[in-house]
Amino acid sequence: MKKDTRVSLKNLFISISDKNNSKKLLTRESEQELAYKVLSGDKAARELMIESNYKLAHSIAFKCYKRSRTKKIDFEDVLQESKTGLIKAVDRFNPSKGYKFSTYATWWIKQSAQQFISDNSSVIKIPNYSRILNAKAKKVIEDYKLNFGHTPTLKEISALLDVPEETIKTSVNIPTNYVYIDEEKDDDNHSGSVFTVQETSMNPEEYLLHEENIKSIASIFNTLKPREEMIIRLRYGIQTSENQSRFLLTDEEIKQIEQK
Amino acid sequence: MNKNKSLKEVSEELSKINIKLGVSGVRQTINKSFEKIIKEYADIHEQKLEANQIKNLAKDTEIQKIFAEYLSQHVKR
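Protein sequences, first through last, are from chains V and S. Residue numbering for the first sequence follows our numbering, starting at 1 and increasing by one per position. Residue numbering for the second sequence follows our numbering, starting at 1 and increasing by one per position.
Same shape as in the complex, but just chain V (with noise of 0.2 angstroms):
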């Protein structure tokens, strides 16, 4: 739990930086101006298309990473292929089709991101096309339950799929949940879908920074008046080992209290 938020803020503020060095917005003229440049060959056109709509591949590379929920990924690597589709995009953009570049830029970055998230997330390595048909077949058995109310058999999902029969048995068994060997289990829950990342994998480096974000971030949380102090506290379940009653009232209320 302390290394996901650890990696978790630090992807976050890669993802700013990153925001903050990307250049400005083109303007609809400026970009077909660019894109047609860029299709004559001008290498210093491609590069400032490319800087220019580094906002757009940084965004959709934190969507698709927060989508994804993984652990075992860096926020910094999806940033990276996106950015791999965004170079796709402008090398092949085609300005005389009248559409906009983020229009047809959106598909291939977001295409390079889930391709590298669905390739890393797990250990097995499970091809793309299967990865694809399991989710297809899944959506196929639940529409079949909600429509005639019980499971389809595997002949009847091979033909509204139009996919042979062995194809789909592969597909569907394909695991979803690993159970690793060296996984700590908790005795009071045996669920064994949870990977648990030990205190000792952490560094001495990366623990230090940690302890460093968790003592700065309780300061910052003590500049806060007591009642936004408190709702937060209210709305997140963190509990406080100080008295509670010290967030029920705001200092201006204590003053006024004491005047009377």
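This list has only true hints and no planted wrong ones.
Below, computed lysine-lysine pairings styled on BS3-like, alpha-carbon distance capped at 30 angstroms: (1) S:Lys48 / V:Lys63; (2) V:Lys55 / S:Lys59; (3) V:Lys225 / S:Lys39; (4) S:Lys59 / V:Lys66; (5) V:Lys63 / S:Lys32; (6) V:Lys100 / S:Lys55; (7) S:Lys39 / V:Lys24; (8) S:Lys32 / V:Lys24; (9) V:Lys83 / S:Lys55; (10) V:Lys225 / S:Lys36; (11) V:Lys225 / S:Lys8; (12) S:Lys55 / V:Lys55; (13) S:Lys59 / V:Lys24; (14) S:Lys65 / V:Lys66; (15) V:Lys37 / V:Lys24; (16) S:Lys59 / V:Lys100; (17) V:Lys139 / V:Lys66; (18) S:Lys3 / V:Lys225; (19) S:Lys59 / V:Lys83; (20) V:Lys88 / V:Lys43; (21) S:Lys48 / V:Lys215; (22) S:Lys48 / V:Lys55; (23) S:Lys48 / V:Lys24; (24) V:Lys63 / S:Lys59; (25) V:Lys55 / S:Lys36; (26) S:Lys8 / V:Lys63; (27) V:Lys225 / S:Lys55; (28) V:Lys215 / S:Lys39; (29) V:Lys24 / V:Lys83; (30) V:Lys72 / S:Lys48; (31) V:Lys66 / S:Lys8; (32) V:Lys215 / S:Lys65; (33) S:Lys36 / V:Lys66.
Quick look at which bits of chain S chain V covers, simulated, 3 or more residues with Cβ under 8 angstroms: (34) 11-24; (35) 63-72.
FYI, nobody ran anything at the bench for these hints, they're computed from the structure. Quick reminder that beta carbons are idealized off the backbone N, C-alpha and C, glycines included.
Here the structure of chain V is known, so what remains is to put chain S in place on it, guided by the hints.
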């Protein structure tokens, strides 16, 4: 960390201690507080953030949870 509460639940909890704050008031207070937190945190880490970036980050519940998670670890010790 204990169970998170919905904005409505927070509002109800507050009314028990005579603080009348509706759901949108709670949301506004939380967002404003996180704006302060993110600004401070960015200053400590020498990150330059624009006002609208801070506003957008503060509204993001995933980011709020990250900071809250850190705070809960601090309190536990």
